[in-house]
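Engineer: Chains as they are written, first to last, in our numbering: chain A, 1 to 693; chain B, 1 to 693.
In case anyone wonders, no lab produced these hints; they're calculated from the structure. Any given hint could turn out to be false.
List of simulated lysine-lysine pairs, BS3-like, C-alpha gap at most 25 Å [unchecked claim]:
hint	chain 1	residue 1	chain 2	residue 2
1	A	Lys402	A	Lys117
2	A	Lys370	A	Lys415
3	A	Lys310	A	Lys98
4	B	Lys288	B	Lys319
5	A	Lys31	B	Lys672
6	A	Lys535	A	Lys117
7	B	Lys245	B	Lys402
8	B	Lys227	B	Lys53
9	B	Lys31	A	Lys672
10	B	Lys402	B	Lys370
11	B	Lys53	B	Lys310
12	B	Lys31	B	Lys117
13	B	Lys672	A	Lys98
14	B	Lys31	B	Lys288
15	A	Lys337	A	Lys310
16	B	Lys98	A	Lys677
17	B	Lys319	B	Lys53
18	A	Lys677	A	Lys690
19	A	Lys53	A	Lys227
20	A	Lys535	B	Lys310
21	B	Lys364	B	Lys677
22	B	Lys677	A	Lys31
23	A	Lys337	A	Lys364
24	B	Lys31	A	Lys677
25	B	Lys245	B	Lys227
26	A	Lys415	A	Lys402
27	B	Lys98	A	Lys672
28	B	Lys319	A	Lys98
29	B	Lys364	A	Lys677
30	A	Lys402	A	Lys310
2 protein chains.
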Amino acid sequence: MTTRHVPDDWTDLDTRAVDTIRVLAADAVQKVGNGHPGTAMSLAPLAYTLFQKVMRHDPADPHWPARDRFVLSCGHSSLTLYIQLYLAGYGLELDDLKALRTWGSLTPGHPEYHHTKGVEITTGPLGQGLASAVGMAMAARRERGLFDPETPEGASPFDHFVYVVASDGDIEEGVTSEASSIAGRQELGNLIVFYDHNEISIEDDTNIALSEDVAARYEAYGWHVQKVDGGENVVAILEAIEAAKAVTDKPSFIQVRTIIGYPAPNLMNTGKAHGAALGTDEIVEVKKILGFDPEQTFQVDDEVIAHTRKAVERGEAAKTAWQAEFDQWAADQGEHKALFDRLTARELPQGWTDALPSYPADPKGVATRKASGEVLSALAPVLPELWGGSADLAESNNTTMKGADSAGPKAAATKDWNATPYGRTLHFGIREHAMGAILTGIAMHGPTRPYGGTFLTFSDYMRGAVRLAAVMGAPVTYVWTHDSIGLGEDGPTHQPIEHMAALRAIPNLSMLRPADANETVFAWRAVLERQTVWKTGPVGLALTRQNVPTLEGTSYEGVTKGAYVLADFDADAAGDSSDNKVILMASGSEVQIAVETKALLAAEGINARVVSVPCLDWFEVQDADYIASVLPQDVQARVSVEAGVAQPWWRWLGSAGRPVSIEHYGASADYKTLYEKFGITSAAAVAAAKESL
Amino acid sequence: MTTRHVPDDWTDLDTRAVDTIRVLAADAVQKVGNGHPGTAMSLAPLAYTLFQKVMRHDPADPHWPARDRFVLSCGHSSLTLYIQLYLAGYGLELDDLKALRTWGSLTPGHPEYHHTKGVEITTGPLGQGLASAVGMAMAARRERGLFDPETPEGASPFDHFVYVVASDGDIEEGVTSEASSIAGRQELGNLIVFYDHNEISIEDDTNIALSEDVAARYEAYGWHVQKVDGGENVVAILEAIEAAKAVTDKPSFIQVRTIIGYPAPNLMNTGKAHGAALGTDEIVEVKKILGFDPEQTFQVDDEVIAHTRKAVERGEAAKTAWQAEFDQWAADQGEHKALFDRLTARELPQGWTDALPSYPADPKGVATRKASGEVLSALAPVLPELWGGSADLAESNNTTMKGADSAGPKAAATKDWNATPYGRTLHFGIREHAMGAILTGIAMHGPTRPYGGTFLTFSDYMRGAVRLAAVMGAPVTYVWTHDSIGLGEDGPTHQPIEHMAALRAIPNLSMLRPADANETVFAWRAVLERQTVWKTGPVGLALTRQNVPTLEGTSYEGVTKGAYVLADFDADAAGDSSDNKVILMASGSEVQIAVETKALLAAEGINARVVSVPCLDWFEVQDADYIASVLPQDVQARVSVEAGVAQPWWRWLGSAGRPVSIEHYGASADYKTLYEKFGITSAAAVAAAKESL
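Next comes chain A alone, as it looks inside the complex (with noise of 0.2 Å):
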């Protein structure tokens, strides 16, 4: 297994530099102290190979479009891709693997996008990764569809591969397992995975916890599954790869059985070699069996590095090839070109925002789902870079765009759905966190804007999938209707209580919570002109089931800065004093309490300000002005109302302000019952605001 194939053309030099991996692997480790240097010994040649003999790639522009994508799924094996990177030359240097792990340096224990040039993407949560490539896998195809539609497949400047190393982790992971069965379903022929099969985990060996045939598994997801049996095989992992190229219409799944570790003599194939360092005595001994001085620490030949650095020059060609055939494009397809050149520079078109919808004042009103869904299809002619669906609940989250078509081959067209591989209503199944893992993807992607929606509640299951969007500042909006006990029937299992407050606390999301349609308006608005910077990160809108009054004196200027006042003092008030004003706070659907409850007090002599706050995370970064202006320090008396938990509000509620909120699950009843009876009411209001005074 550990006998080494290379093909005619391999040299001395590639041999040399393949070890040469393992020797900065185990150093870079050792130095540090910690870290993972098993996998990436064991992957070396694989690594090697794809950056040195396959990949279409150019060090000096990580964001040619037309690149392959490379995608470390097994994020702790970090050097696997760090050491690709010195070696190919997209910056990294030596002294970079050396400061492996420590503060400030390019080399942090998992790869992180943003930080060091070549990381596509942040991973190190098991599965992300790979499921985030089935997303990148379909944005490939839609953005073909947006600028190069009529080119026959293989032939368009835009058509390239999207590579994925995984350990056992992602694979166990139920995150790769839902985004393995769509990337099946759409028959992604740009995605070939590589499964890192040592059979070693942090447990040792994992038949303590893994006996399934993986391979069959992804037979039955319907991929192209084929096996390599030893990882020193480069001839037959570059058969594979042909193999897995040539086949178009099915995602591909090679399994590479590996020794983790090798060659290290006491440590390799035990989980020791996994995540901790060899030890020096240990490290020696591989340099022995490698060749290389066992006196000397991170040695690499000049020549090693000379050979690996022609990966520049192969980028300059490759792009220089590739430059041509764009600008051919370019030529002859103008429209395609100027889209391509405003969704590169995330531009929205002039004029995009007159064709948002607004709504008139009215007491009956609509749910801010059905809002956001007229959104999206008043948007589509005018934004074809946004595209999204549902887990399963396109109806219940407004989602689809009218007329749009839905992304698929033909085979998954349904008597609902007409499917076309361009198509841009997405179908997740009942997967969110797949879900939440393929947005991301395909923001990390391209250009193109993409939405997700499922229930509130389930924000739960693709939690992993948002934090790590969160940390990236990839720009997705996630729909998320059915934001409150306002659901009714279904019960404690499907009502959101503490999902504002758990979403909130996650630096770098968005949460808006928007009190009417014309907020939901505003919102996406909002969102879409924020996210024309990369970095600004992903957003929730948190909508409702139920009809909400459309309010007088929303604002979209007041959305953009989270808290606004929509009613303000009654300046004519009698007995106008700070004693007798207090501030009434709500999102959402609880902003109507809060209007009912102003002139309830109004009634009662008690002068109140309601404040909507459709996003708390964006009030709390305004100037402190600002934040007085809204929350002035001579008004302690305050009210929070939210159906839900209400630790997000006590920092704006101080001493002696009251939440009315809902500290315990729902229950199954129609919405307006449990509005009473859990007490979210403009009495409670105005219990909680003279308790307040």
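Got chain A; can you put chain B on it based on the hints?
Structural biologist: Using the frame of chain A, we list chain B on its own:
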């Protein structure tokens, strides 16, 4: 596919009963105006066969320990269960079915444990039921091992089966993929899953999002797989169950092809039959087809209910027969019987706390994860009901009891782990979500006490399961280690920032973050005492990777109250007044910083009290006097110190208080550098105290 095929002993009354189910399901949803009729109609023969012909159960004693368990993983089809409970005589009556999904009824939207007799587990969030059923099957084996290890298979009074009905949604969710892989590895012959393969979900034909060969996937997991072509084929269903029972070393997967909504002439086999009332016209047609009076609603013939209620007699007879076996076992195995009684009462053994370690004050200290591991090993011989493991992080989470065997078949053994079917170390693989659901299933099944570990960050992956455990109040313990930036080099993807806030927000989940080794011991003690009452809910322990000093003054009583004075104001401080007093609140590894800060402030003439806050959830439910004794009203200068977002602390900080917190993601470096760079230091706490004064 809809041809009826029934066994010889099946009577016309049985057929009428099955058709009664369909009519009741349609009527109940129609009456309330919302709900899920379609699956309840098409699963009528299967559900009826299980409850009336197959399962060993006693409607008079829903807690009979040897009953077969029934898990309706597709909880939205709650009528499937409610109608069986009604027919079999569990206490539901026709009026309860008429009250479907209304306030206070016994028939809420989704089946709720603790609420409706005969409901084994709350379901609704898809995938959780099937995944928890894997835990039930594992628990059945462990309990068997604790109470009756010697009796041959099938001959023990504790032997029984776990039946599951799962839908397309359950099958698509990643959590079932994870759990099903574990079930295969564990060779759970006592688990029988029916996959209701109706090819319809909310977005109609599942072909739009599901093309995999599900049966082949389950074969790849190592399950025994069978297919039944048609939900009306009772003969085939019965044969498949017999075959499933006969295979004792594999879980069974029985794929039943049904037509959702059968026999509704216009709506069957459509998404519309899934989640909405059929409409009166369609229901009239159904009644005509089935020979019911189209003018009547909720029509149940007297002979039908008399026939089905014979389940009570059969249950009594089965129970009586079993009781003889049980009494014989009790007589033969006094020691096991004593254990059975103690565990069933959820009592802890006399003097069990004597086994707990305690630690001398020590500035170098111990990591709290290590102390937790020592608690577990110390309790191993005293509490056989305690068992658990990790999602492939055993050594990092310190979740393995010294000398304990692993739970699993011989075939799962590796050189590091000795697996036996009655072992107590659990190996979940890298499958956090399934771990969560399995732990819940273990707690639902019987009286053992399960725990499971991963990194705190990856609580995100298991959040769906954690929430459902909290909804039910299930007594499980999560060992979440590496609880802050203190984990160091693994960087932002692995460093919890928002997790304490996000988990504290979940109602009925207690989050403990002990300050040192002794508080860790007290935390485990408090949790085990607390969970002598079932409904008290799950607990998460947030534990450090890094060493923390073992402090003076920690207290068991204090831990049980959630927060307590660790080091009080200096009584003899010069110029003692509320003007120079500040309260320093901290949790976990930051309590040491609060202690340092007190000394620094004293040197500046500021008198500080240190409050250790191991559990905000427990503190906030203390009486007002206790809360005021810890946080006196006249000291409004307050500082919180926690290496995470401040959100949960504002309630206790009030208007004058200041948090020392981290509101952004972490970084990859050694932990001491990170604490310095991110300002989680006594210097920052001193500055915050001054600002607060």
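Engineer: Are the Cα positions of B/Lys672 and A/Lys98 separated by 25 Å at most?
Structural biologist: Holds - the C-alpha atoms of A/Lys98 and B/Lys672 are around 20 Å apart, at most 25 Å.
Engineer: Under the criterion that the straight-line Cα-Cα distance not exceed 25 Å, is the pair A/Lys31, B/Lys672 satisfied?
Structural biologist: Since the Cα atoms of A/Lys31 and B/Lys672 sit roughly 18 Å apart, the hinted pair holds (cutoff 25 Å).
Engineer: Between the alpha carbons of B/Lys319 and B/Lys53, is the straight-line distance 25 Å or under?
Structural biologist: 16 Å, holds
Engineer: Below or equal to 25 Å on CA atoms is what counts here, so check B/Lys98 against A/Lys672.
Structural biologist: Status holds; Cα separation ~20 Å.
Engineer: Sort out whether A/Lys98 lies within 25 Å of B/Lys319, counting only the CA atoms.
Structural biologist: 70 Å, violated
Engineer: Is the Cα-Cα distance between B/Lys245 and B/Lys402 25 Å or less?
Structural biologist: 35 Å, violated
Engineer: So if I understand the rule, the pair passes when the alpha-carbon distance is 25 Å or less; does A/Lys535 with A/Lys117 pass?
Structural biologist: The hint holds at about 16 Å.
Engineer: Does the structure keep A/Lys402 and A/Lys310 at a Cα separation of 25 Å or less?
Structural biologist: With Cα atoms ~51 Å apart, A/Lys402 and A/Lys310 exceed 25 Å; violated.
Engineer: Run the distance test for A/Lys370 versus A/Lys415: straight-line Cα separation, threshold 25 Å.
Structural biologist: 24 Å, holds
Engineer: Are the Cα positions of B/Lys53 and B/Lys310 separated by 25 Å at most?
Structural biologist: 11 Å, holds
Engineer: Regarding the pair B/Lys364 and A/Lys677, is the alpha-carbon distance no greater than 25 Å?
Structural biologist: Violated: B/Lys364 and A/Lys677 sit about 53 Å apart, past 25 Å.
Engineer: Between B/Lys98 and A/Lys677, does the CA-CA distance stay at or below 25 Å?
Structural biologist: 21 Å, holds
In this structure, the hints that do not hold are numbers 1, 4, 7, 15, 20, 23, 28, 29 and 30, in rising order.
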